[in-house]
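Enquirer: Sequence:
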Amino acid sequence: MLAKRASREITLLEQQELTMLINNNESYALLARSFDVLDTASIDVAEIDEKDFETRWSSLQAKLPKDEISRKGEYKSRKSFRLIRYGLAAACILAVVIMGILFIRQQNSMLLPGEENIVATQRGSKSYTVLPDGTQVWLNADTKISYGKSFGAGSREVTLTGEAYFDVIKDASKPFIVHTDAMDVIVLGTAFNVSAYKGEMQTEATLIRGAVEVSLKKYHDKKVMLKPFEKLSVKNTPSVVTKKEQKPQLETAMFTLSKISKVPLDSGSVETQWVQNRLVFANSTLEEIAVRLARWYDVNITITNQALKQTKYSAEFDNATLDEVMQSLKLAGRFSYKIDNKTVTISPQ
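Using the numbering used here, read the sequence shown as starting at -11 and increasing by one per residue.
Just so you know, the hints here were simulated from the structure itself, not pulled from any lab data.
Honestly, I wouldn't trust all of these hints.
Taking lysine-lysine and the DSS-like style, the derived pairs with C-alpha atoms no more than 30 Å apart in a straight line are [said to hold, decoys possible]:
1. K247 x K205
2. K297 x K326
3. K223 x K247
4. K247 x K158
5. K300 x K330
6. K132 x K330
7. K186 x K247
8. K158 x K219
9. K186 x K137
10. K186 x K219
None of these values were measured; they are calculated from a predicted model.
Build out the structure end to end from the sequences listed, making use of the hints.
Expert: This is the structure in structure tokens:
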């Protein structure tokens, strides 16, 4: 879990378990601090050379536990020997992990240069990052968040495309704002999920705890207050404008406010289960499921029958492969499918 935290791949549940381990186990806490040394080093892959690696290695060894050695060259006790052996083993593990962390970061989460800081994930991958104010963010597949260089100095604003779960550090003097094409979500300190993928029918904001204010851009900035376990869904369609009135007409059918079910396992909701690497579908059409599976597994999915697209399913999958998911849906929906490399074709039986 330490490697997953350092590579920004850790889930919310794993982060909670890791915190408990560190607080209750001195050895694990020491190892965690060693990882933090690596994590805060801001190593650039292109800049690592043999001399630099030796310097970092020596620095790392200096932070690991050392035991006294007698003048005769023997360890004073078996306990001392074990501590040194474990320390050396930890050092070896860290030496291997450092390159793994760099590789995963380079593949799954990109911090791009420029006027803005941009963290992005590709299809088929998820990531985790901590913003300068300490706010934790989990990014779903094919997601991008950006924020200015001055984030946290005068304001805390990010722009989101895709889906992300935010656990915001409370700061009454600096509201945290998430901007999307359809809405702005304004919070002080809370946990919530926002799904704002381009090309999809809806933009959704789901509140887990705290309180948020949502400003609807396409409805003359109408404001909606969310309470815990409420979800606001806004249709991503152009506003209706008449010749006599240039302001968007407010149509309640274009956005809905609904209660969501709490999941006892982690005090989350169906909408946030992706943070725990779970795929959950609640009365979703096969067409909606196909969109999520394509993004989750980085594949292209084609459904050859229109009626089949509207078939609804409810299911839950925990760390399942694409074939396992398709097999389960096939048994419930009585369709056939074919997986050819990164192309999935679904047809009636």
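Enquirer: Is the Cα-Cα distance between K132 and K330 30 Å or less?
Expert: holds (23 Å)
Enquirer: Regarding the pair K247 and K205, is the alpha-carbon distance no greater than 30 Å?
Expert: With a Cα-Cα distance of about 22 Å, the restraint between K247 and K205 holds, given a limit of 30 Å.
Enquirer: Is the Cα-Cα distance between K186 and K219 30 Å or less?
Expert: holds (19 Å)
Enquirer: Are the Cα atoms of K186 and K247 separated by 30 Å or less?
Expert: holds (25 Å)
Enquirer: For the pair supplied as a hint, K297 and K326, is the alpha-carbon distance within the 30 Å limit?
Expert: holds (16 Å)
Enquirer: Can the restraint linking K247 and K158 be considered satisfied, given a maximum Cα separation of 30 Å?
Expert: With Cα atoms ~25 Å apart, K247 and K158 stay inside 30 Å; holds.
Enquirer: Is the Cα-Cα distance between K223 and K247 30 Å or less?
Expert: holds (17 Å)
Enquirer: For a C-alpha distance cap of 30 Å, please report whether K300 and K330 respect it.
Expert: holds (24 Å)
Enquirer: Does the structure keep K186 and K137 at a Cα separation of 30 Å or less?
Expert: Holds, because 25 Å separates the two Cα atoms, which is no more than 30 Å.
Enquirer: Keeping to a limit of 30 Å between CA atoms, is the pair of K158 and K219 held or broken?
Expert: holds (21 Å)
In terms of the numbered hints stated before, the structure departs from none.
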